[in-house]
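Asks: Residue-level listing of the chains:
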Amino acid sequence: GAGVSQSPRYKVAKRGQDVALRCDPISGHVSLFWYQQALGQGPEFLTYFQNEAQLDKSGLPSDRFFAERPEGSVSTLKIQRTQQEDSAVYLCASGSRRLAGPYEQYFGPGTRLTVT
Amino acid sequence: GQNIDQPTEMTATEGAIVQINCTYQTSGFNGLFWYQQHAGEAPTFLSYNVLDGLEEKGRFSSFLSRSKGYSYLLLKELQMKDSASYLCALNSGGYQKVTFGTGTKLQVIP
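Residue numbers (the numbering used here), protein chains in the order written: chain A, 1 to 116; chain B, 1 to 110.
Derived from the structure by calculation, the hints contain no laboratory data.
It should be emphasised that the depicted structure is a prediction, and the values quoted were computed from it without experimental measurement.
Cβ coordinates follow ideal geometry from the N, Cα and C atoms, glycine included.
A few of these clues could be false.
To be verified - Pulled a few chain B residues facing chain A out of the computed Cβ check, cut under 8 Å: (1) A39; (2) E41; (3) A42; (4) V98; (5) T99; (6) F100; (7) T102.
Stated by the list, open to error - So these bits of chain A aren't anywhere near chain B, every CB distance computed over 12 Å: (8) P8; (9) E85; (10) R112.
Said to hold, decoys possible - Pairs of lysine to any residue residues, derived as SDA-like cross-links and limited to a Cα-Cα distance of at most 25 Å, are as follows: (11) K97(B) <-> R64(A); (12) K11(A) <-> F65(A); (13) K57(A) <-> E68(A); (14) K105(B) <-> F45(A); (15) K97(B) <-> K14(A); (16) K57(A) <-> E71(A); (17) K11(A) <-> H38(B); (18) K97(B) <-> E14(B); (19) K97(B) <-> S61(B); (20) K57(B) <-> E14(B); (21) K97(B) <-> L55(A); (22) K97(B) <-> A53(A); (23) K57(A) <-> T44(B); (24) K57(A) <-> G72(A); (25) K76(B) <-> R66(B); (26) K76(B) <-> T8(B); (27) K57(B) <-> Y106(A); (28) K57(B) <-> E104(A); (29) K57(A) <-> G1(B); (30) K97(B) <-> S27(A); (31) K78(A) <-> K105(B); (32) K68(B) <-> N30(B); (33) K97(B) <-> S87(A); (34) K14(A) <-> G40(B).
Whole structure, please, built from the sequences with the hints as guidance.
Replies: Given below as structure tokens:
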């Protein structure tokens, strides 16, 4: 079956450009997460959706970052006026409810963003 | 908030056993994940511990002590393909948010 897909896989942006990163979750998964992973670090939480509702955006580093999931399926992470510190891998994960406890998260391959 | 500590790097020999430790501080603990991440790839789920004790799954086992804020991942009969980063991650609080540690990069040598 299809897993989580993300596009583009690689993106090079000039400083100041806007970018949009897409995530296609596993069909039927209610929960969707975005993470930012810098080189040599663990993923850092950005935001969380349950269906189309954005329940937590506390991890978004600035108001230049915006995420949406208008129909409760595909999600887009948009970064406006990119800065060099935005260079990272952006991971999307969709969640399947475990028998007990939180959602088990299935990760996409990520989008590697390089801001020059 | 949460605080997660794990060694940055480890090296082990093919065929041997290695234990990767993770200590944490948190409030509202729900459970602890271990993920494997090969270089340039997405993390993949290994285990989730809610209760104290050891859970075994093939060559991989995970242990949790909630009172000590401690977990470890045990890898037996190491193979070269086990060279990867191993991420300890906490689920705490009221919902699905998971906080990851920085990961332990394991190198398996012949």
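Asks: Starting from the hint list further up, note which numbers the structure goes against and sort them upward.
Replies: Of the numbered hints given earlier, those the structure breaks are 1, 10, 15, 18, 31, listed in rising order.
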